[in-house]
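Asker: Listed here are the chains, written in short residue letters.
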Amino acid sequence: MKDKLVTMAHGGGGRATSELVQAVFLPRLGNLELMELGDAAVLNLDGQKLALTTDSFVVSPPFFPGGDIGRLAICGTVNDLTAAGAVPLYLTVGVILEEGFPLAELKRVVASMAEAADEAGVKVVAGDTKVVERGKGDGLFLNTSGLGLLRNPPPRWSQARPGDRVLVNGPIGEHGAAVISRRSGFDLDSPVQSDCAPLNDLIGTLWEEGLGQHIRAMRDPTRGGVATALAELAARMELGIRVDESALPISPAVSGVCDMLGFDPLYLANEGKMLIVIDASVADAAVDLLRKHRYGAEAAIIGELTDEFKGVRVRTPYGGHKRVDVAEGELLPRIC
Amino acid sequence: MELWKRFKDPALAQKLLQELKGLCQGSSQRPTLMEVCGTHTVALSRTGLREVLSPYLDLRSGPGCPVCVTDDSDIDLMAEVARQPGVIVATYGDMLRVPGSYGTLLDLKAAGARVQLVYSALDALELARENPRDTVVMLGVGFETTAPVAALAVQRAASEGISNFLMLSLHKTIPNALRALLAENSRIDGLILPGHVSAIIGEEPYRFIAEESGVPAVITGFEAVDMLLGIVELVRLIVAGRPEVLNAYRRVVSPDGNPRARALLEEAFRPVAARWRGLGSIPDSGLALAEPFAAYDALQALGLRRPEARPPRRGCRCGEVLRGLIEPAECGLFAKACTPHSPVGPCMVSSEGACAAHYTYGRNG
Amino acid sequence: MFMCLGVPARIEELEGDRATVSLEGTRRRVSVALTPDVKVGDYVLVHAGYAVAVVDEESARETIRLIEEAYGTLEEV
Chain V
269 MKDKLVTMAH GGGGRATSEL VQAVFLPRLG NLELMELGDA AVLNLDGQKL ALTTDSFVVS
329 PPFFPGGDIG RLAICGTVND LTAAGAVPLY LTVGVILEEG FPLAELKRVV ASMAEAADEA
389 GVKVVAGDTK VVERGKGDGL FLNTSGLGLL RNPPPRWSQA RPGDRVLVNG PIGEHGAAVI
449 SRRSGFDLDS PVQSDCAPLN DLIGTLWEEG LGQHIRAMRD PTRGGVATAL AELAARMELG
509 IRVDESALPI SPAVSGVCDM LGFDPLYLAN EGKMLIVIDA SVADAAVDLL RKHRYGAEAA
569 IIGELTDEFK GVRVRTPYGG HKRVDVAEGE LLPRIC
Chain L
3 MELWKRFKDP ALAQKLLQEL KGLCQGSSQR PTLMEVCGTH TVALSRTGLR EVLSPYLDLR
63 SGPGCPVCVT DDSDIDLMAE VARQPGVIVA TYGDMLRVPG SYGTLLDLKA AGARVQLVYS
123 ALDALELARE NPRDTVVMLG VGFETTAPVA ALAVQRAASE GISNFLMLSL HKTIPNALRA
183 LLAENSRIDG LILPGHVSAI IGEEPYRFIA EESGVPAVIT GFEAVDMLLG IVELVRLIVA
243 GRPEVLNAYR RVVSPDGNPR ARALLEEAFR PVAARWRGLG SIPDSGLALA EPFAAYDALQ
303 ALGLRRPEAR PPRRGCRCGE VLRGLIEPAE CGLFAKACTP HSPVGPCMVS SEGACAAHYT
363 YGRNG
Chain E
1243 MFMCLGVPAR IEELEGDRAT VSLEGTRRRV SVALTPDVKV GDYVLVHAGY AVAVVDEESA
1303 RETIRLIEEA YGTLEEV
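Order-wise, the sequence lines are chains V, L and E.
Read the first sequence against my numbering and you will find it ends at 604, with the numbers running on by one and no gaps.
Read the second sequence against my numbering and you will find it ends at 367, with the numbers running on by one and no gaps.
Read the third sequence against my numbering and you will find it ends at 1319, with the numbers running on by one and no gaps.
Keep in mind that the hints were calculated from the coordinates and are not lab data.
Treat the numbers as computed from the prediction; the structure is a model and nothing was measured.
Glycine is no exception: its CB is placed at the ideal position from the N, C-alpha and C atoms.
Do not take every clue at face value.
As the list claims (entries may be wrong) - Beta-carbon label-pair distances, calculated as ranges:
hint: 1; chain 1: E; residue 1: E1299; chain 2: L; residue 2: Q20; range: 25 to 33 Å
hint: 2; chain 1: E; residue 1: E1311; chain 2: V; residue 2: L305; range: 53 to 61 Å
hint: 3; chain 1: L; residue 1: E293; chain 2: E; residue 2: A1312; range: 48 to 56 Å
hint: 4; chain 1: L; residue 1: D136; chain 2: V; residue 2: E366; range: 17 to 25 Å
hint: 5; chain 1: V; residue 1: A503; chain 2: L; residue 2: Q16; range: 32 to 40 Å
hint: 6; chain 1: L; residue 1: Q302; chain 2: E; residue 2: A1312; range: 56 to 64 Å
hint: 7; chain 1: V; residue 1: R504; chain 2: E; residue 2: A1312; range: 42 to 50 Å
hint: 8; chain 1: V; residue 1: V378; chain 2: L; residue 2: P12; range: 46 to 54 Å
hint: 9; chain 1: L; residue 1: Y104; chain 2: V; residue 2: L305; range: 32 to 40 Å
hint: 10; chain 1: L; residue 1: D136; chain 2: V; residue 2: L305; range: 36 to 44 Å
hint: 11; chain 1: L; residue 1: T34; chain 2: V; residue 2: G478; range: 52 to 60 Å
hint: 12; chain 1: L; residue 1: G114; chain 2: V; residue 2: K560; range: 50 to 58 Å
hint: 13; chain 1: E; residue 1: E1311; chain 2: L; residue 2: F210; range: 30 to 38 Å
Excised from the complex, chain V in its bound form (with noise of 0.2 Å):
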């Protein structure tokens, strides 16, 4: 690695990002469950397996269409150990804030936080607050870690196999196109809202319909988009992934941000999706089910697995192909 200053491409979520752990954290924290970098690392405790994840958020503006910071630090954590398969119980929260921070906007944060816990069924036991002077610390930076307990079976990333299916519960983009519209500078008014919102009783459903046993894995597609989620599938489990453009769920509140700012949907945030790797057999029930929830309503099969190739492929609606790839440094800084 060449740098010698952090610079903002490093906090993008993509290959800077990447470079800089292998780089710097790894070699002098690494360890079997840390190298996995999964959304959540899996220990066993005296036989009991569960999931521990930590995560911070920086998002600019605070308060954005559809949620805010406190709703974010929760339910991006509670998503994480989802993600990994696990049941969220516990989190804690970190909070740093600026000399100057409005209470009444501190409060409304954390008011927000409650009600995401109470509807993610998690509680935060244990917390700290920091202050730092005027000037240092931009507002308020939160930090919230999350332990879950693994459930039974728990997503078989080595049972992937050709064929099997992709599917999101839901259309994407939403959350980064909620934050850039209200963005200064761009002087939009959309009717876009962040999809933040907890997916563990979304997901739950399957384990409880049984077929949480045919799922290979999943992942959250935050920083960099379902794009970025996709690439870092198809590598982990060193199989490609064929997506049709058609398939993928686009409300015309993102399409009609993106199409006025020039943004690729595929490669903005998302804070209430889930991307589901899962047998093609109950693929459809899956979709059914997932439909059955309010936060599945519009989920679909967007792909599906493939030894014919590495890396993703989309087929455009011209029957051409394009590659989508992590995403490149940082497209939109403080997005999460």
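Following the hints, put chains L and E in place on chain V, whose structure we already have.
Answerer: Leaving out everything else, chains L and E in the frame of chain V:
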């Protein structure tokens, strides 16, 4: 289907593809077309049309990516500006990551230089209003679609008496670059002309192409159906041996272009020779601030001198890519030492760069 | 982020050299300093917060008709 969506309609696209297939098979020609504009390069890749067209013709990228054609010496000039005390550099996003002799603007920002991303020159002017004790220097990079807004910014700075705003005008104009290109690349059978530059300059500036070079050219839009229509019309001309210039983007491009935008360009800028990466110095292909706005010229105001032209980084073949002589994959550095993550040349950095497009979206699937 | 955008936005409101345009439910304020003759109901292409060209509906319909009927020749420029 709504009218505008018809230009994305796969059924219409199929119709045009069938027509193209017939033309190419009938003539047993495999034409080489140049996509002048970086936006076309990206659109052809994003729609998957690059792959669909590959059995029938060769597509080469041209010099229509403003960041890509910015010479190394100008990149270093920007770094020099960023290092001036009391200066805030305002720039469009892509320019941040182009490697110069001293790293990128993003690196300089991490090291403490004040570099601010803006979406338009008017945003840069606003930055100047908000920071009266600093000098804001707008890095003016772009073609005829972008330059009119830069012209507005300079005019507004003058009329409002804003004295802490400067512009480093590295704007370039397309027509003479096409002339230079055609003079030295004889392998191009047809030109796909940039739709939005044409929306500003109109049809007239391209007339010389037919008269001088014998190469047909078609003004083309950016949706899938637009691109296929432009390409079909172009191939028809090639097969018939008719060196004409046609407009296949009539709903946006009128013969006169955008008179207001052109007037702004004429008031605020004067044509000068400009250094194009890969093409060298081309007369009448750049825009410098006109005399009445000389006080806003960053070079003069900061007392900087344009550095000498420098040879490209070893192994970097951006220059040949930009002239349509090679495809990105023919560069030895492509996807090896040069990737979007660690780019060597600007063609891999810019969101409209040929190398970035080919790398990101894949070649022919 | 792509700078050159192909999808036209509709002028909903005009006030001096500012306009509110809409596209698939998203509204945005842009400048029409480069297209001073626009009217409400016109469609424009927006580039970096500026309307740079008016998009002619009739011409669009004509182009579609041309393709559908396996067209006649476009006139030389």
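Asker: Starting from the hint list further up, note which numbers the structure goes against and sort them upward.
Answerer: Of the numbered hints, all hold.
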